[in-house]
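The sequence shown runs contiguously to residue 506 in my numbering.
Treat the hints with care, since some could be wrong.
[What the hints assert, rightly or not] Derived Cβ-Cβ restraints for the label pairs, each shown as a range:
#1 Ser489 to Asp469: 29 to 35 Å
#2 Phe495 to Ala472: 16 to 22 Å
#3 Pro506 to Asp486: 18 to 24 Å
#4 Ala472 to Ser492: 29 to 35 Å
#5 Asp487 to Phe451: 17 to 23 Å
#6 Glu470 to Ala445: 18 to 24 Å
#7 Ala445 to Ser496: 15 to 21 Å
#8 Thr491 to Thr466: 27 to 33 Å
#9 Ala445 to Thr499: 16 to 22 Å
#10 Ser449 to Ala480: 15 to 21 Å
#11 Ser492 to Asp469: 18 to 24 Å
Calculated directly from the structure, the hints in this document are not laboratory data.
All values reported here derive from a predicted model rather than from experimental measurement.
Every residue gets a Cβ at the ideal spot worked out from N, C-alpha and C, and that includes glycine.
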Amino acid sequence: MKKALGMMFVGLVGLGGWALASCGETEELINCQRVCARYESCFDDDYDVGACRSRCETQSDEEAGFEEKVNACESCIDDESCTSATFSCATTCAGIVP
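Please model the entire structure based on the sequences and the hints provided.
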């Protein structure tokens with residue numbers, strides 16, 4: 409009985425770790441989507457948001473610090489008008505969108 413409970417505990421801990429990792433991936437996806445969609449709505453109606461999001465996610469997975477840069481960009485543009493975000497967030501968002 410103790411062995412079964414121990415195995416159950418280990419399984420739950422593993423599942424919890426997977427769930428936490430998945431939450432990070434979900435936040436990354438949402439932030440990439442928001443940054444790319446915002447670029448489309450402010451600057452280029454024909455901008456390929458899906459391709460931008462895909463590049464952003466790939467770069468977040470491969471480049472140390474890129475995910476934090478996306479988070480900072482998304483936070484910067486969040487409550488700004490397009491014009492204000494252009495001036496206030498250009499440096500923060502450089503390299504994520506054109």
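Against the structure, the hints:
no. : hint                         : result
1   : Ser489 to Asp469: 29 to 35 Å : 31 Å, holds
2   : Phe495 to Ala472: 16 to 22 Å : 28 Å, violated
3   : Pro506 to Asp486: 18 to 24 Å : 20 Å, holds
4   : Ala472 to Ser492: 29 to 35 Å : 30 Å, holds
5   : Asp487 to Phe451: 17 to 23 Å : 18 Å, holds
6   : Glu470 to Ala445: 18 to 24 Å : 22 Å, holds
7   : Ala445 to Ser496: 15 to 21 Å : 18 Å, holds
8   : Thr491 to Thr466: 27 to 33 Å : 30 Å, holds
9   : Ala445 to Thr499: 16 to 22 Å : 20 Å, holds
10  : Ser449 to Ala480: 15 to 21 Å : 20 Å, holds
11  : Ser492 to Asp469: 18 to 24 Å : 31 Å, violated
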